[in-house]
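Enquirer: All chains, please: the whole structure from these sequences, using the hints.
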Amino acid sequence: MQMQRILVALFLFLAIPLAQAEKPSSDENKSESHEAGHSASTHGDDDEHAGHAEGLSANAPVIFKLGPLQITNSMFVTMIVALGIIIIAQMATSNIQLIPSGLQNFVELLVESLYGFFESIVGTDMVKQTFWFFGTTFIFILFANWFGLIPGIGTIGYTYQDYGLFHNHHLDAPLMRGVNADVNMTFAMSGMFMVLWLYWSLKALGAGGFIGHIFNVKGHGSGFFGVFLVLVFIFVGFVEIVSISVRPVALTFRLYGNVFAGENILETVMKLGGPWFGWLAVLPFYLLELLVGLVQALVFSLLAAVFTALMCEHHGDEHGEEHAH
Amino acid sequence: MTGSLHIGLAALGSAIGVGLVGMKAAEATGRNPGAAGEIRTQAIIFAALAEGVVFIAIFLGKMGA
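Residue numbers (this note's numbering), protein chains in the order written: chain A, 1 to 325; chain G, 1 to 65.
Treat the hints with caution; some may be incorrect.
Sample of chain A residues with no beta-carbon within 12 Å of chain G, all distances over it, derived [claimed, not checked]: (1) 100; (2) 104; (3) 124; (4) 132; (5) 143; (6) 188; (7) 194; (8) 205; (9) 206; (10) 210; (11) 231; (12) 240.
Taking beta-carbon pairs under 10 Å as the criterion, some of the chain A residues facing chain G (in silico) [claimed, not checked]: (13) 246; (14) 295; (15) 300; (16) 303.
Calculated directly from the structure, the hints in this document are not laboratory data.
Every residue, glycine too, gets a C-beta built ideally from N, C-alpha and C.
Expert: This is the structure we're talking about:
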């Protein structure tokens, strides 16, 4: 179990650079054209703020290159967070006691309450084979979101122009950036979930059961009304397919949109407070972002669990019935 | 003044939706405090689904423009 979790963390850790190691030329073109469009629009609507009110760039800038691999600042933070989680998990489990204390106690509390929570959603059978994914995504998203709030994450870095040592311009390439403020990361996670979801559903229902679950054509009786219902349920099946294929997109943009908007809110409010009281104005929004970080981590893993439970519900239903009575 | 009307409308609708979810969740917890945990789970799911509409509107709008 533990080995599996470490493997998953390593996989996440290694797969992300690969996903971004596309042709560098097209990537640069895209970022250039995007920046051109962006600056044109900002110059268009507010000329007085054109100097510095830029906000966070939509794509994560590259901070250094390892051979053909481009390391962006959000990948850099991904690796830091993943390494931190792996190290803490290793420290907590290196010397396991029967009566836990300290770090081991805390980690056990986190993992066991998560396990109970997901067990109540996907059922006792499914949670054994799916918990490693839901638990890992929850913990990773939570700590990635909170790590992104540490002061200095978006404010230390490089500028492409020379503004001098003391300036109030937005950085062109911050050294670090919130992990989930990069759409590649959230898409990687939701894409991986959909692949796993397909695997789990096919394993639990079989190919015939999977199709039957979507198109639900059996057991509507015979006669004219039965045939009519079958036609209706075939139509409902197509609607269901559309709804299923929207899921990864919605999961991706929900997490990305929330974190990206959060970073922009913090920056805008910091500027509204002026040079002396920016820190005070932004304080309540930091508390809001702590809450949003937790809720979005919960929402992502919870929705993933609910989608799994919806498909594999013939296990879940029986348990649900038992609990209800 | 610039902006996107469709994003504003989507945000309006989903804010109403999230508000309704929150209202009913609070009411339900008041009626049956014992079920608070399950109600919270469901409320988060449905609030997230209502909220997702805005993000879809934002990104569809960006792709269209």
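Enquirer: The structure should be examined with respect to each hint, and the outcome stated for every one.
Expert: So, going through the hints one by one against the coordinates:
{"no.": "1", "hint": "100", "verdict": "24 Å, holds"}
{"no.": "2", "hint": "104", "verdict": "26 Å, holds"}
{"no.": "3", "hint": "124", "verdict": "17 Å, holds"}
{"no.": "4", "hint": "132", "verdict": "21 Å, holds"}
{"no.": "5", "hint": "143", "verdict": "19 Å, holds"}
{"no.": "6", "hint": "188", "verdict": "17 Å, holds"}
{"no.": "7", "hint": "194", "verdict": "16 Å, holds"}
{"no.": "8", "hint": "205", "verdict": "22 Å, holds"}
{"no.": "9", "hint": "206", "verdict": "27 Å, holds"}
{"no.": "10", "hint": "210", "verdict": "23 Å, holds"}
{"no.": "11", "hint": "231", "verdict": "28 Å, holds"}
{"no.": "12", "hint": "240", "verdict": "15 Å, holds"}
{"no.": "13", "hint": "246", "verdict": "8 Å, holds"}
{"no.": "14", "hint": "295", "verdict": "7 Å, holds"}
{"no.": "15", "hint": "300", "verdict": "9 Å, holds"}
{"no.": "16", "hint": "303", "verdict": "6 Å, holds"}
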